[in-house]
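Asks: Sequence:
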Amino acid sequence: MKKEDLIELAKKMIAAPSCCAGLKVAGQNWLDAVGTADEKAAAQKLIAEAQADVTPIDGLVAFAHSDNAVKYFGAEGQKKFAAHADELKASGAKYCDCGACAPALQIIENKDVLLS
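Terminal number for the sequence shown in the working numbering: 169, no gaps in between.
Hints in this document: simulated from the structure, not taken from any laboratory. Worth double-checking, as some hints may not be accurate.
[To be verified] Keeping only pairs whose Cα atoms sit at most 30 angstroms apart, straight-line, the calculated BS3-like set for lysine-lysine is:
{"no.": "1", "residue 1": "LYS65", "residue 2": "LYS77"}
{"no.": "2", "residue 1": "LYS77", "residue 2": "LYS64"}
{"no.": "3", "residue 1": "LYS55", "residue 2": "LYS65"}
{"no.": "4", "residue 1": "LYS65", "residue 2": "LYS147"}
{"no.": "5", "residue 1": "LYS132", "residue 2": "LYS98"}
{"no.": "6", "residue 1": "LYS55", "residue 2": "LYS124"}
{"no.": "7", "residue 1": "LYS98", "residue 2": "LYS164"}
{"no.": "8", "residue 1": "LYS55", "residue 2": "LYS77"}
{"no.": "9", "residue 1": "LYS147", "residue 2": "LYS98"}
{"no.": "10", "residue 1": "LYS64", "residue 2": "LYS124"}
{"no.": "11", "residue 1": "LYS164", "residue 2": "LYS142"}
{"no.": "12", "residue 1": "LYS77", "residue 2": "LYS56"}
{"no.": "13", "residue 1": "LYS56", "residue 2": "LYS124"}
{"no.": "14", "residue 1": "LYS147", "residue 2": "LYS93"}
{"no.": "15", "residue 1": "LYS98", "residue 2": "LYS64"}
{"no.": "16", "residue 1": "LYS98", "residue 2": "LYS133"}
{"no.": "17", "residue 1": "LYS98", "residue 2": "LYS65"}
{"no.": "18", "residue 1": "LYS164", "residue 2": "LYS124"}
Construct the entire structure; sequences and hints are all you get.
Replies: Below, the structure is given as structure tokens:
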């Protein structure tokens, strides 16, 4: 993967409604640092934040079946979300596939590009 692809992934990640505040900040800081002397340090922070924030599938399933998911999505939305999480786990997925976690995982998988 090229750095340009990772830039687009970072933009998608931070734009996702499911992206937590810390990951948004780390992503934006890296985007702002691209091409500067601070780029490698910002990349290291982005990778560390992504590693901390990508949700493992069991955590996703637990949240999807929780009262907090009902509060967040409503009763009907929670049922659909829980079904999706269960299907995702049954398919063998190891991590959440939301608009923040999926690009963050790709960023982690391509950390050598970020750090080069």
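Asks: Hints first: check each against the structure and report whether it holds.
Replies: So, going through the hints one by one against the coordinates:
Distance hint between LYS65 and LYS77 is fulfilled; the C-alpha atoms sit about 10 angstroms from each other, no more than 30 angstroms. Proposed proximity of LYS77 and LYS64 is supported: the alpha carbons are some 9 angstroms apart, at most 30 angstroms. The suggested pairing of LYS55 with LYS65 holds, with an alpha-carbon distance near 16 angstroms, which does not exceed 30 angstroms. The suggested pairing of LYS65 with LYS147 holds, with an alpha-carbon distance near 21 angstroms, which does not exceed 30 angstroms.
Taking the CA atoms of LYS132 and LYS98, the gap is near 35 angstroms; set against the 30 angstroms cutoff, the hint is violated. A C-alpha spacing of about 40 angstroms is found between LYS55 and LYS124, which places the hinted pair above 30 angstroms, so the restraint is violated. Proximity of LYS98 to LYS164 is assessed by CA-CA distance (about 11 angstroms); at most 30 angstroms being required, the pair is judged to hold. Restraint check: the Cα-Cα separation between LYS55 and LYS77 comes to about 21 angstroms, which is no more than 30 angstroms; the hinted pair holds.
Proximity of LYS147 to LYS98 is assessed by CA-CA distance (about 23 angstroms); at most 30 angstroms being required, the pair is judged to hold. Between LYS64 and LYS124, the direct Cα distance comes to roughly 28 angstroms. Compliance with the 30 angstroms bound is thereby established for this hinted pair. Restraint check for LYS164 and LYS142: satisfied, since their Cα atoms lie roughly 25 angstroms apart, inside the 30 angstroms limit. Note on LYS77 and LYS56: the hinted pairing holds, with a Cα-Cα distance of about 18 angstroms set against a maximum of 30 angstroms.
Straight-line distance between C-alpha atoms of LYS56 and LYS124 comes to about 38 angstroms, which puts the hinted pair past the 30 angstroms bound. Among the hinted pairs, LYS147 with LYS93 is consistent with the structure: their alpha-carbon atoms are about 28 angstroms apart, no more than 30 angstroms. The hinted pair formed by LYS98 and LYS64 meets the criterion: a straight-line CA distance of about 16 angstroms does not exceed 30 angstroms. In summary, the hint linking LYS98 to LYS133 is not supported, as the alpha carbons are separated by about 34 angstroms, beyond the 30 angstroms threshold.
For the suggested pair LYS98 and LYS65, the alpha carbons sit about 18 angstroms apart, so the restraint of at most 30 angstroms is met. With a C-alpha separation of about 35 angstroms, the suggested pairing of LYS164 with LYS124 is violated against the 30 angstroms cut-off.
Consistency note: the structure conflicts with the earlier hints numbered 5, 6, 13, 16, 18.
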